[in-house]
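**Q** Next come the chains, spelled out residue by residue.
2 protein chains.
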Amino acid sequence: MKVAIIGVGLIGGSLALALKNEGFANTVIGVDHSPENLKKATELGIIDRSAELSEAVHESDLILVTVPVNIIKTLLPVILDLVNKNQVVMEMGSTKQEILNHVNDHPNRGRLIASHPMAGTEYSGPEAAIADLFSGRNMVFCDVTKSDHDAFELAETVCEKLKMNPIFMHAKEHDLHTAYVSHISHISSFALALTVLEKERSQGRIFELAGGGFASTVRLAKSSAETWVPIFQQNQSNLLEVLEEHIKQLQQMRDVLRKEDYDMMFKLIKQSNKIKRIIK
Amino acid sequence: MKVAIIGVGLIGGSLALALKNEGFANTVIGVDHSPENLKKATELGIIDRSAELSEAVHESDLILVTVPVNIIKTLLPVILDLVNKNQVVMEMGSTKQEILNHVNDHPNRGRLIASHPMAGTEYSGPEAAIADLFSGRNMVFCDVTKSDHDAFELAETVCEKLKMNPIFMHAKEHDLHTAYVSHISHISSFALALTVLEKERSQGRIFELAGGGFASTVRLAKSSAETWVPIFQQNQSNLLEVLEEHIKQLQQMRDVLRKEDYDMMFKLIKQSNKIKRIIK
Numbered sequence: 001m002k003v004a005i006i007g008v009g010l011i012g013g014s015l016a017l018a019l020k021n022e023g024f025a026n027t028v029i030g031v032d033h034s035p036e037n038l039k040k041a042t043e044l045g046i047i048d049r050s051a052e053l054s055e056a057v058h059e060s061d062l063i064l065v066t067v068p069v070n071i072i073k074t075l076l077p078v079i080l081d082l083v084n085k086n087q088v089v090m091e092m093g094s095t096k097q098e099i100l101n102h103v104n105d106h107p108n109r110g111r112l113i114a115s116h117p118m119a120g121t122e123y124s125g126p127e128a129a130i131a132d133l134f135s136g137r138n139m140v141f142c143d144v145t146k147s148d149h150d151a152f153e154l155a156e157t158v159c160e161k162l163k164m165n166p167i168f169m170h171a172k173e174h175d176l177h178t179a180y181v182s183h184i185s186h187i188s189s190f191a192l193a194l195t196v197l198e199k200e201r202s203q204g205r206i207f208e209l210a211g212g213g214f215a216s217t218v219r220l221a222k223s224s225a226e227t228w229v230p231i232f233q234q235n236q237s238n239l240l241e242v243l244e245e246h247i248k249q250l251q252q253m254r255d256v257l258r259k260e261d262y263d264m265m266f267k268l269i270k271q272s273n274k275i276k277r278i279i280k
Numbered sequence: 001m002k003v004a005i006i007g008v009g010l011i012g013g014s015l016a017l018a019l020k021n022e023g024f025a026n027t028v029i030g031v032d033h034s035p036e037n038l039k040k041a042t043e044l045g046i047i048d049r050s051a052e053l054s055e056a057v058h059e060s061d062l063i064l065v066t067v068p069v070n071i072i073k074t075l076l077p078v079i080l081d082l083v084n085k086n087q088v089v090m091e092m093g094s095t096k097q098e099i100l101n102h103v104n105d106h107p108n109r110g111r112l113i114a115s116h117p118m119a120g121t122e123y124s125g126p127e128a129a130i131a132d133l134f135s136g137r138n139m140v141f142c143d144v145t146k147s148d149h150d151a152f153e154l155a156e157t158v159c160e161k162l163k164m165n166p167i168f169m170h171a172k173e174h175d176l177h178t179a180y181v182s183h184i185s186h187i188s189s190f191a192l193a194l195t196v197l198e199k200e201r202s203q204g205r206i207f208e209l210a211g212g213g214f215a216s217t218v219r220l221a222k223s224s225a226e227t228w229v230p231i232f233q234q235n236q237s238n239l240l241e242v243l244e245e246h247i248k249q250l251q252q253m254r255d256v257l258r259k260e261d262y263d264m265m266f267k268l269i270k271q272s273n274k275i276k277r278i279i280k
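Chains as they are written, first to last, in our numbering: chain A, 1 to 280; chain B, 1 to 280.
Extracted from the complex, chain A is given alone in its bound form:
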């Protein structure tokens, strides 16, 4: 099968490697606005060759769209204009409602599968790509009733080849849930990094004491602004909701600490320990 990867970064590159390893993709054609990314991806054996968007789409059976969500929104109508009834497009955005509303009435909407692989790292670019990024993780499919039956069958095969578990959700539900379990984690890390970097200016040695716990909570602050600003933009209202709630929780802890109500602090921590049920 010929596969086009639109956006040869962490996600696109990892998909290419995994689908090649599985023997599912015989040829991978890469499209990227950065000639440097295309050069690196070719050198790393991630793509077989590069092409312009329209050429890559015309030549491919499956088109994987793995650019930032603002670019997905711009490119999807163009890509859907180019495809025929034998081709399938999977967009891999971290947000869904705005993207899907934008192509809802497109005559080729049926060829599109809205997919979100719940995997990633804080690194970006083709050199960050790893073949087993997706194995064992969840693949969220949104609003699949809007997709053609045969198109979804191909997407299911892709999911299987990637060793991912399919999950089904409405776009609206997806965007709310990702705000709570993914987007807010990034906001929290960015803000924590800013807090400590600011303090470093007056207390130079502050990072000498940074250990594994700190590294864990600020790891996501290394994430790319190009990827995350468009996600925050498209999921603004859900993210505002969860951010308000997170600030309230922190203010509650602040008040409890200020009042030195350590019995209450104990209760709050015991309550938060219930997260053990979710993350092992």
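Just so you know, the hints here were simulated from the structure itself, not pulled from any lab data. Small disclaimer: the values here were computed from a predicted structure and weren't measured. Treat the hints with care, since some could be wrong.
[Unchecked claim] With a straight-line cut-off of 30 Å between C-alpha atoms, the simulated DSS-like cross-links for lysine-lysine are:
hint: 1; chain 1: B; residue 1: Lys40; chain 2: A; residue 2: Lys276
hint: 2; chain 1: B; residue 1: Lys39; chain 2: A; residue 2: Lys280
hint: 3; chain 1: A; residue 1: Lys39; chain 2: B; residue 2: Lys270
hint: 4; chain 1: B; residue 1: Lys172; chain 2: B; residue 2: Lys276
hint: 5; chain 1: A; residue 1: Lys267; chain 2: B; residue 2: Lys248
hint: 6; chain 1: A; residue 1: Lys259; chain 2: B; residue 2: Lys172
hint: 7; chain 1: B; residue 1: Lys20; chain 2: B; residue 2: Lys146
hint: 8; chain 1: B; residue 1: Lys2; chain 2: B; residue 2: Lys40
hint: 9; chain 1: A; residue 1: Lys20; chain 2: A; residue 2: Lys39
hint: 10; chain 1: B; residue 1: Lys40; chain 2: A; residue 2: Lys267
hint: 11; chain 1: A; residue 1: Lys163; chain 2: A; residue 2: Lys276
hint: 12; chain 1: B; residue 1: Lys20; chain 2: B; residue 2: Lys39
hint: 13; chain 1: B; residue 1: Lys163; chain 2: B; residue 2: Lys248
hint: 14; chain 1: B; residue 1: Lys2; chain 2: B; residue 2: Lys20
hint: 15; chain 1: B; residue 1: Lys259; chain 2: B; residue 2: Lys270
hint: 16; chain 1: A; residue 1: Lys267; chain 2: B; residue 2: Lys267
hint: 17; chain 1: B; residue 1: Lys276; chain 2: A; residue 2: Lys248
hint: 18; chain 1: A; residue 1: Lys199; chain 2: B; residue 2: Lys248
hint: 19; chain 1: A; residue 1: Lys276; chain 2: B; residue 2: Lys172
hint: 20; chain 1: B; residue 1: Lys199; chain 2: A; residue 2: Lys248
hint: 21; chain 1: A; residue 1: Lys276; chain 2: B; residue 2: Lys146
hint: 22; chain 1: B; residue 1: Lys20; chain 2: B; residue 2: Lys161
hint: 23; chain 1: A; residue 1: Lys39; chain 2: B; residue 2: Lys267
hint: 24; chain 1: B; residue 1: Lys276; chain 2: A; residue 2: Lys39
hint: 25; chain 1: A; residue 1: Lys267; chain 2: B; residue 2: Lys172
hint: 26; chain 1: A; residue 1: Lys199; chain 2: B; residue 2: Lys146
hint: 27; chain 1: A; residue 1: Lys163; chain 2: A; residue 2: Lys146
hint: 28; chain 1: B; residue 1: Lys199; chain 2: A; residue 2: Lys146
hint: 29; chain 1: A; residue 1: Lys40; chain 2: B; residue 2: Lys270
hint: 30; chain 1: B; residue 1: Lys280; chain 2: B; residue 2: Lys259
[Said to hold, decoys possible] Each pair of labels, with its calculated beta carbon distance range:
hint: 31; chain 1: A; residue 1: Glu208; chain 2: B; residue 2: Gln203; range: 37 to 43 Å
hint: 32; chain 1: A; residue 1: Gly204; chain 2: B; residue 2: Glu153; range: 24 to 30 Å
hint: 33; chain 1: A; residue 1: Arg205; chain 2: B; residue 2: His102; range: 22 to 28 Å
hint: 34; chain 1: A; residue 1: Glu22; chain 2: B; residue 2: Lys39; range: 30 to 36 Å
hint: 35; chain 1: B; residue 1: Glu153; chain 2: A; residue 2: Arg205; range: 43 to 49 Å
hint: 36; chain 1: A; residue 1: Lys248; chain 2: B; residue 2: Thr157; range: 46 to 52 Å
hint: 37; chain 1: B; residue 1: Gly204; chain 2: A; residue 2: Lys267; range: 20 to 26 Å
Beta carbons are placed, not taken as given, at the ideal position from N, Cα and C, and that holds for glycine.
Position chain B relative to chain A; hints supplied.
**A** Just chain B now, with coordinates in the frame of chain A:
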């Protein structure tokens, strides 16, 4: 050398294992308020036998105090009352000022080394102990001029046996810095876990989408209330300062998001990306 471990949990247990492996500790005597911990620690080969506090102190050359910081504060004067000029006490608390002020005028203050190994996990109890927990990490020594020269020499040897890098700091500086690079990370994780657990009540499936990023930022929310509430209590004023600043950073992000000022959001994320310099 005979070593007493006062508090046979994650830190105490890991110290015992490491110092035994190095051949530095020939006999390890465990003291703990929990008979169950002592039983487990004996079964796991962490301690050779258990004893009451005064007996363990009397029999040991080196006394390692690895209980929660409120208990350290209570026990240190008692332990210092018991030791002679050939014995050394290392307390391993995550806070320093309140503990050290409390024993500042003790006639045996010189036998005490204030130490803080910058290592840990979100797990607790003797079954969480691992021999290489400390290898390659920093050991902070505070106010060492208050310790006897020979006592500090022994502590340096312990540091070397644990393959740790010694760092020197005033207690005041230590408490401020740990508030910024350790204690706030815990507060942030506890609050994030509470935010999402609260939402789960109305949105049952929310955790299906939780991936590695979420796990990383809430990992510390599994930490023990028994350990952390006393740390927050003893470091209350520093922690309040950093918590206020962290809330301000989150409020700034909230305002930027509300105003949809995505150029500013881009700048904030680029700024926070500078954390790459610190954590690899």
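**Q** Hint by hint, note whether the structure agrees.
**A** We went through each hint and held it up to the structure:
1. Lys40(B) to Lys276(A): Holds, at about 22 Å.
2. Lys39(B) to Lys280(A): Measuring from Cα to Cα gives roughly 26 Å; hence the hint holds.
3. Lys39(A) to Lys270(B): 25 Å, holds
4. Lys172(B) to Lys276(B): 27 Å, holds
5. Lys267(A) to Lys248(B): 25 Å, holds
6. Lys259(A) to Lys172(B): 22 Å, holds
7. Lys20(B) to Lys146(B): Holds, at about 29 Å.
8. Lys2(B) to Lys40(B): Holds, at about 20 Å.
9. Lys20(A) to Lys39(A): 18 Å, holds
10. Lys40(B) to Lys267(A): 27 Å, holds
11. Lys163(A) to Lys276(A): Between Lys163(A) and Lys276(A) the Cα gap is close to 26 Å, so the pair holds against 30 Å.
12. Lys20(B) to Lys39(B): 18 Å, holds
13. Lys163(B) to Lys248(B): 39 Å, violated
14. Lys2(B) to Lys20(B): 10 Å, holds
15. Lys259(B) to Lys270(B): 19 Å, holds
16. Lys267(A) to Lys267(B): Violated: Lys267(A) and Lys267(B) sit about 38 Å apart, past 30 Å.
17. Lys276(B) to Lys248(A): 29 Å, holds
18. Lys199(A) to Lys248(B): Distance ~13 Å between Lys199(A) and Lys248(B) Cα, so the pair holds.
19. Lys276(A) to Lys172(B): 34 Å, violated
20. Lys199(B) to Lys248(A): 13 Å, holds
21. Lys276(A) to Lys146(B): Violated: Lys276(A) and Lys146(B) sit about 42 Å apart, past 30 Å.
22. Lys20(B) to Lys161(B): 10 Å, holds
23. Lys39(A) to Lys267(B): Cα-Cα ~29 Å, so holds.
24. Lys276(B) to Lys39(A): 25 Å, holds
25. Lys267(A) to Lys172(B): 29 Å, holds
26. Lys199(A) to Lys146(B): 29 Å, holds
27. Lys163(A) to Lys146(A): 24 Å, holds
28. Lys199(B) to Lys146(A): 29 Å, holds
29. Lys40(A) to Lys270(B): Holds, at roughly 24 Å.
30. Lys280(B) to Lys259(B): 33 Å, violated
31. Glu208(A) to Gln203(B): 37 to 43 Å: 41 Å, holds
32. Gly204(A) to Glu153(B): 24 to 30 Å: 29 Å, holds
33. Arg205(A) to His102(B): 22 to 28 Å: For His102(B) against Arg205(A), whose Cβ atoms are near 26 Å apart, the range 22 to 28 Å holds.
34. Glu22(A) to Lys39(B): 30 to 36 Å: 50 Å, violated
35. Glu153(B) to Arg205(A): 43 to 49 Å: 25 Å, violated
36. Lys248(A) to Thr157(B): 46 to 52 Å: 49 Å, holds
37. Gly204(B) to Lys267(A): 20 to 26 Å: The hinted range 20 to 26 Å holds for Gly204(B) and Lys267(A), with Cβ atoms some 24 Å apart.
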